[in-house]
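J.: Spelled out, the chains give:
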Amino acid sequence: MTEKHLKEGYYFWSGDVAAAEGAIAAGCRFYAGYPITPSSEIAEQMALRLPQVGGRFIEMEDEIGSIAAIIGASWTGERAMTATAGPGISLMNENIGLAVMTEVPIVVVNAMRGAPSTGLPTLIGQGDLMQARYGSHGSYEIISLYPNSIQETFDLMFDAFNLAEKYRVPVIYLLDGLLAHMYERVYVPPREEWEKRIVRRKRARKGQLPYEPDEDLVPPMPLIGEGFRIHATGLTHDERGYPNLTPQAQEKLIRRLNEKILRHEREIWKVEEFMTEDADVIVVSFGGESRAVKAAVKKARKEGIKAGMLRLITIWPFPWEYIRKYSADFIVAELNYGQIYHKVREYAETKVHKLNKMGGEIHTPDEVLKRIREVSGK
Amino acid sequence: MSIMEDLRREEEKLLRTERLPHVWCPGCGIGIVLNAFLRSVLRRNMDPNKLVVVSGIGCTGRAAGYVNVDSFHTTHGRAIPFAVGIKFARPDLNVVVFSGDGDLFAIGGNHFINAARRNHDLLIIAVNNFTYGMTGGQHGPTTPTGAYTTTTPYGNPDRPFNIPHLAISLGAPYVARWTTYHVNQLQNSIHKALGMKGFRVIEIISQCPTVYGRRNYMRSPLSMMEYFQKNSIVKNDATFEEMELTYNGKIVVGEFRSVEDIPTYEERYEDIIRRAQNEGGD
Amino acid sequence: MTENKKFKRRATVRVLEERCKGCWYCVNYCPTKVLVVSEKLNSKGYHPPEFAENIEENKVCIACHLCELYCPDFAIVVEELK
Amino acid sequence: MKVEIKFGGLGGQGIITMGFILANAAALYDGKECVFTQDYSAEARGGASTSEVIISDEDIDYPHVEKADYLVLMSTSAYRDYIHKLKDDGILIIDEDLVRLPEGENRKVYAIPATKIAEKLGNPIVANIVMLGFFTEVTGIISPDAMMQAIKDRVPKRFWEINERAFQEGMKHAEKNL
Numbered sequence: 022m023t024e025k026h027l028k029e030g031y032y033f034w035s036g037d038v039a040a041a042e043g044a045i046a047a048g049c050r051f052y053a054g055y056p057i058t059p060s061s062e063i064a065e066q067m068a069l070r071l072p073q074v075g076g077r078f079i080e081m082e083d084e085i086g087s088i089a090a091i092i093g094a095s096w097t098g099e100r101a102m103t104a105t106a107g108p109g110i111s112l113m114n115e116n117i118g119l120a121v122m123t124e125v126p127i128v129v130v131n132a133m134r135g136a137p138s139t140g141l142p143t144l145i146g147q148g149d150l151m152q153a154r155y156g157s158h159g160s161y162e163i164i165s166l167y168p169n170s171i172q173e174t175f176d177l178m179f180d181a182f183n184l185a186e187k188y189r190v191p192v193i194y195l196l197d198g199l200l201a202h203m204y205e206r207v208y209v210p211p212r213e214e215w216e217k218r219i220v221r222r223k224r225a226r227k228g229q230l231p232y233e234p235d236e237d238l239v240p241p242m243p244l245i246g247e248g249f250r251i252h253a254t255g256l257t258h259d260e261r262g263y264p265n266l267t268p269q270a271q272e273k274l275i276r277r278l279n280e281k282i283l284r285h286e287r288e289i290w291k292v293e294e295f296m297t298e299d300a301d302v303i304v305v306s307f308g309g310e311s312r313a314v315k316a317a318v319k320k321a322r323k324e325g326i327k328a329g330m331l332r333l334i335t336i337w338p339f340p341w342e343y344i345r346k347y348s349a350d351f352i353v354a355e356l357n358y359g360q361i362y363h364k365v366r367e368y369a370e371t372k373v374h375k376l377n378k379m380g381g382e383i384h385t386p387d388e389v390l391k392r393i394r395e396v397s398g399k
Numbered sequence: 111m112s113i114m115e116d117l118r119r120e121e122e123k124l125l126r127t128e129r130l131p132h133v134w135c136p137g138c139g140i141g142i143v144l145n146a147f148l149r150s151v152l153r154r155n156m157d158p159n160k161l162v163v164v165s166g167i168g169c170t171g172r173a174a175g176y177v178n179v180d181s182f183h184t185t186h187g188r189a190i191p192f193a194v195g196i197k198f199a200r201p202d203l204n205v206v207v208f209s210g211d212g213d214l215f216a217i218g219g220n221h222f223i224n225a226a227r228r229n230h231d232l233l234i235i236a237v238n239n240f241t242y243g244m245t246g247g248q249h250g251p252t253t254p255t256g257a258y259t260t261t262t263p264y265g266n267p268d269r270p271f272n273i274p275h276l277a278i279s280l281g282a283p284y285v286a287r288w289t290t291y292h293v294n295q296l297q298n299s300i301h302k303a304l305g306m307k308g309f310r311v312i313e314i315i316s317q318c319p320t321v322y323g324r325r326n327y328m329r330s331p332l333s334m335m336e337y338f339q340k341n342s343i344v345k346n347d348a349t350f351e352e353m354e355l356t357y358n359g360k361i362v363v364g365e366f367r368s369v370e371d372i373p374t375y376e377e378r379y380e381d382i383i384r385r386a387q388n389e390g391g392d
Numbered sequence: 771m772t773e774n775k776k777f778k779r780r781a782t783v784r785v786l787e788e789r790c791k792g793c794w795y796c797v798n799y800c801p802t803k804v805l806v807v808s809e810k811l812n813s814k815g816y817h818p819p820e821f822a823e824n825i826e827e828n829k830v831c832i833a834c835h836l837c838e839l840y841c842p843d844f845a846i847v848v849e850e851l852k
Numbered sequence: 112m113k114v115e116i117k118f119g120g121l122g123g124q125g126i127i128t129m130g131f132i133l134a135n136a137a138a139l140y141d142g143k144e145c146v147f148t149q150d151y152s153a154e155a156r157g158g159a160s161t162s163e164v165i166i167s168d169e170d171i172d173y174p175h176v177e178k179a180d181y182l183v184l185m186s187t188s189a190y191r192d193y194i195h196k197l198k199d200d201g202i203l204i205i206d207e208d209l210v211r212l213p214e215g216e217n218r219k220v221y222a223i224p225a226t227k228i229a230e231k232l233g234n235p236i237v238a239n240i241v242m243l244g245f246f247t248e249v250t251g252i253i254s255p256d257a258m259m260q261a262i263k264d265r266v267p268k269r270f271w272e273i274n275e276r277a278f279q280e281g282m283k284h285a286e287k288n289l
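Chains as they are written, first to last, in this note's numbering: chain A, 22 to 399; chain B, 111 to 392; chain C, 771 to 852; chain D, 112 to 289.
These are computed hints drawn from the structure, not numbers from a lab.
This one's a predicted model, so the numbers in the text were calculated from it and none came from an experiment.
Note that CB positions come from ideal geometry on N, CA and C, so glycine has one too.
A couple of the hints might just be wrong.
What the hints assert, rightly or not - Only pairs whose alpha carbons sit at most 20 Å apart, straight line, appear in this in silico SDA-like list of lysine to any residue:
#1 B:K345 with B:E389
#2 A:K291 with A:K227
#3 A:K323 with D:K178
#4 B:K160 with B:H275
#5 C:K810 with C:L836
#6 A:K28 with B:K123
#7 B:K123 with A:L230
#8 A:K378 with A:T139
#9 A:K320 with D:G123
#10 A:K227 with B:N178
#11 B:K340 with C:K852
#12 A:K320 with D:K283
#13 B:K123 with C:L786
#14 A:K323 with D:D170
#15 A:K391 with A:I326
#16 A:K320 with A:Y358
#17 C:K852 with B:N155
#18 A:K28 with A:Y208
#19 A:K319 with D:K178
#20 A:K323 with D:E169
#21 D:K231 with D:K283
#22 D:K178 with A:D387
#23 A:K187 with A:K291
What the hints assert, rightly or not - Beyond 12 Å from chain B on every Cβ pair, some chain A residues (computed):
#24 R50
#25 E80
#26 S111
#27 I219
#28 R222
#29 R226
#30 L238
#31 P241
#32 E247
#33 H258
Claimed, not checked - Some residues of chain B that are not near chain C, with every Cβ distance over 12 Å (derived):
#34 T127
#35 I140
#36 G141
#37 D157
#38 T255
#39 G265
#40 P267
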């Protein structure tokens with residue numbers, strides 16, 4: 022038997038395939054999932070490719086089983102992932118909370134489609150941004166990334182797994198119906214090179230309590246089968262992992278779970294600033310929608326309007342400093358009725374305008390340009 | 111020192127004794143089942159560092175909190191898929207799901223069905239006390255027809271699951287039912303199942319005097335135990351028709367199915383990995 | 771003291787009183803009735819059993835360990851005598 | 112250089128495949144920037160089907176066709192659905208037996224009996240490949256070699272021969288008639 026790894030070169034992939042290949046390159050060796058449009062091709066690619074590299078794929082009976090399985094697998098030290106779309110995320114949210122509470126690194130891909138409910142299964146939506154942040158019950162911080170090209174879909178998977186492992190937290194990897202099914206060329210570097218990008222999780226030292234944090238507030242993770250005699254529970258727990266149902270224990274644990282992310286938010290933030298430096302109007306966007314925005318910004322510049330684009334690659338924790346630092350007016354272009362708009366308003370000291378489409382398709386560059394013209398008064 | 115004494119001493123090491131006394135009510139049968147489980151593990155000479163116990167939510171769900179091995183108290187109903195993830199990722203581990211009837215068969219029923227169908231290499235210890243104990247005694251998927259609970263104040267109109275029926279129909283290679291009265295048979299059954307492979311299911315009828323017994327004319331722990339003693343009939347290899355379990359009726363117990371050598375999901379996947387790496391060049 | 775020899779194995783029962791919740795399975799299922807409900811209360815308010823062997827009445831622990839198996843609270847240790 | 116191409120027809124005609132092969136050829140074998148998108152709404156035979164390809168020397172931002180340079184059609188309904196996407200000086204490439212153009216359509220039209228040619232080759236399923244051969248010769252935006260490689264990537268080996276013949280026939284038809 023020989024493992025079959027990707028060779029260096031150019032590939033013509035859909036976002037779904039790039040997400041799967043990116044995950045495998047980033048060291049993912051365990052996938053449990055349940056098919057749902059537009060993410061199903063991720064499962065199909067994983068089913069084909071994981072056993073080729075000695076990994077494991079399982080199609081579970083539903084999304085709840087899928088996320089439970091990857092949390093279990095992650096405790097064995099595997100980099101584990103599932104992929105779904107809105108309806109599946111809705112089902113997974115309870116266990117996303119379990120992964121947050123028990124500090125288990127997992128990557129959950131959500132290829133967003135038109136919603137609520139079954140919505141527009143084959144088309145794009147961006148309505149799950151707040152769900153990515155607040156989907157499970159309770160007060161917690163989570164990491165969410167969102168690429169906008171097929172190359173980036175591949176590359177950003179390394180960040181997704183590295184951040185999940187570094188901070189022992191679920192990473193919600195947002196895609197959308199456009200990216201999932203769109204094809205572009207992807208360059209895959211030689212294996213030696215991509216393997217250098219992989220950051221492994223901190224492993225618990227003998228004698229260290231399983232939830233005893235290091236200075237960075239992240240406890241190194243003990244693994245199953247190595248004699249740590251771990252106990253993990255979704256109940257509020259102490260540093261041994263034992264339930265401790267007191268207000269004091271809750272205060273301590275929940276503060277740390279939030280702070281371990283917030284204290285490192287600057288390391289987690291990733292944005293693209295395009296022509297923002299001298300801009301009078303900055304369009305904030307992300308994912309598939311940002312493709313139209315960038316085209317519109319270029320058109321606006323040709324007309325002499327000082328427009329720019331701020332593309333959020335990290336959606337959560339919200340990269341608020343990048344809003345605060347500009348004195349331009351903002352337009353938030355998103356395929357929902359206004360979600361990130363509210364976050365931008367929270368931090369902007371200037372005017373914030375909406376540009377919404379309910380999903381199904383991204384704005385055309387001309388629609389964005391029209392809004393830029395309105396806001397800039399030109 | 112005798113073997114039994116040895117066992118008892120070693121058993122203490124498999125308990126998180128600093129957490130005792132446990133949360134279960136006086137006379138609750140879960141402790142008896144846990145006791146039998148730990149003794150079986152010790153009799154098998156299993157490496158405790160390679161043993162994993164996964165529980166869901168509810169009274170029985172707390173079992174994971176008392177065993178001094180890698181142990182997980184997960185979300186309601188999801189113990190089986192969580193365990194599937196562990197076992198599939200690390201097939202060398204012995205993974206046991208220790209959970210209750212509501213957790214495994216109501217909210218978690220679909221996982222039970224599909225994991226059994228796929229024949230994952232898991233031992234399922236299903237403690238059936240006929241009720242949702244931790245939430246105060248509502249009726250569940252195993253509450254016998256006619257029984258009184260807080261949500262069946264006029265008697266339960268539902269028809270309950272017959273767990274061995276379910277497990278056997280799904281092809282589970284080992285299926286047994288005991289009550290907490292049958293401490294020795296239970297221990298032997300778990301001991302045997304631990305030595306087998308595939309999706310093994312042991313249902314243990316257990317007493318909940320606090321919220322079930324007292325609404326069904328069995329107020330004290332002992333009266334529930336006496337009920338098990340009087341009404342249970344050991345019938346190994348019983349047919350489907352014979353596996354009776356009814357309200358105020360017979361409790362047919364025994365080892366109902368024991369089949370070796372059905373390939374597990376994990377074994378079949380090893381073959382997938384071989385084929386994926388050998389076929390079609392690269 | 772002659773009765774003593776009838777029993778091949780002998781033991782005493784140690785009760786971990788703080789773990790006991792007073793279900794009395796041990797007292798009830800002891801085949802030789804060497805356990806009785808004690809007068810004392812543990813810190814949770816339960817009466818733990820106590821070992822009350824009475825050789826005259828043939829209430830002798832025969833080291834069957836059944837009380838250990840029935841105890842839901844891991845509160846009983848049977849210690850065999852050499 | 113930036114070229115936008117839109118394909119339209121009915122489900123089952125291989126409209127998605129046409130777009131994919133062209134895009135794959137451009138991206139991997141002609142080394143261009145390229146985006147391929149498809150409409151997922153009709154996978155069964157009979158419903159409307161469309162796919163889009165944008166080929167460029169530079170990064171492509173907006174991934175959809177804003178105004179097509181080429182509209183490649185295999186049904187009259189597709190003409191009705193997508194003609195508004197074609198530039199005023201854009202070019203129509205059609206299966207002449209399947210697309211009935213209305214009076215007053217004044218844009219440049221290249222027509223080929225692709226389905227009939229495919230039938231003569233023994234398999235109507237390769238009509239889309241005949242169209243692609245025709246498209247390749249007519250437009251000159253992609254090299255025939257790149258296209259043939261992309262066809263081989265897409266279809267199983269046992270169908271390479273008939274696909275190659277279909278592609279050649281499409282190219283020949285263009286050479287002969289234009």
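J.: All hints are to be evaluated individually against the structure, with a verdict given for each.
T.: Going through the hints against the structure:
1. B:K345 with B:E389: Violated, because 49 Å separates the two Cα atoms, which is more than 20 Å.
2. A:K291 with A:K227: violated, 35 Å
3. A:K323 with D:K178: Holds, at about 19 Å.
4. B:K160 with B:H275: With a Cα-Cα distance of about 31 Å, the restraint between B:K160 and B:H275 is violated, given a limit of 20 Å.
5. C:K810 with C:L836: This hinted pair is violated, its Cα atoms lying about 23 Å apart.
6. A:K28 with B:K123: violated, 51 Å
7. B:K123 with A:L230: holds, 18 Å
8. A:K378 with A:T139: Between A:K378 and A:T139 the Cα gap is close to 18 Å, so the pair holds against 20 Å.
9. A:K320 with D:G123: violated, 38 Å
10. A:K227 with B:N178: It holds: about 16 Å lies between the C-alpha atoms, which stays within 20 Å.
11. B:K340 with C:K852: Not satisfied, since the Cα-Cα distance of roughly 37 Å exceeds 20 Å.
12. A:K320 with D:K283: violated, 41 Å
13. B:K123 with C:L786: Holds, at roughly 15 Å.
14. A:K323 with D:D170: holds, 17 Å
15. A:K391 with A:I326: holds, 12 Å
16. A:K320 with A:Y358: violated, 25 Å
17. C:K852 with B:N155: At roughly 26 Å apart (the allowed maximum being 20 Å), B:N155 and C:K852 break the hint.
18. A:K28 with A:Y208: Holds, at roughly 10 Å.
19. A:K319 with D:K178: holds, 17 Å
20. A:K323 with D:E169: Roughly 17 Å between the alpha carbons, so the hint for A:K323 and D:E169 holds.
21. D:K231 with D:K283: Roughly 15 Å between the alpha carbons, so the hint for D:K231 and D:K283 holds.
22. D:K178 with A:D387: holds, 12 Å
23. A:K187 with A:K291: Within the cut-off at roughly 16 Å; holds.
24. R50: Given that some Cβ of chain B is not farther than 12 Å from that of A:R50, nearest at about 8 Å, it is violated.
25. E80: Per Cβ check, A:E80 is inside 12 Å of chain B; nearest 10 Å; violated.
26. S111: holds, 15 Å
27. I219: Check passes; 18 Å lies beyond 12 Å.
28. R222: Holds, because the least Cβ-Cβ distance between A:R222 and chain B comes to about 15 Å, which exceeds 12 Å.
29. R226: holds, 17 Å
30. L238: Given that every Cβ of chain B is farther than 12 Å from that of A:L238, nearest at about 23 Å, it holds.
31. P241: holds, 16 Å
32. E247: Contrary to the label, A:E247 does not stay out of reach of chain B, its closest Cβ about 7 Å off (not over 12 Å).
33. H258: violated, 9 Å
34. T127: violated, 8 Å
35. I140: Nearest chain C Cβ is 7 Å from B:I140, so the label is violated.
36. G141: violated, 3 Å
37. D157: Non-interface label on B:D157 holds, nearest chain C Cβ at 22 Å vs cutoff 12 Å.
38. T255: Holds: least Cβ distance 28 Å, greater than 12 Å.
39. G265: Given that every Cβ of chain C is farther than 12 Å from that of B:G265, nearest at about 28 Å, it holds.
40. P267: holds, 32 Å
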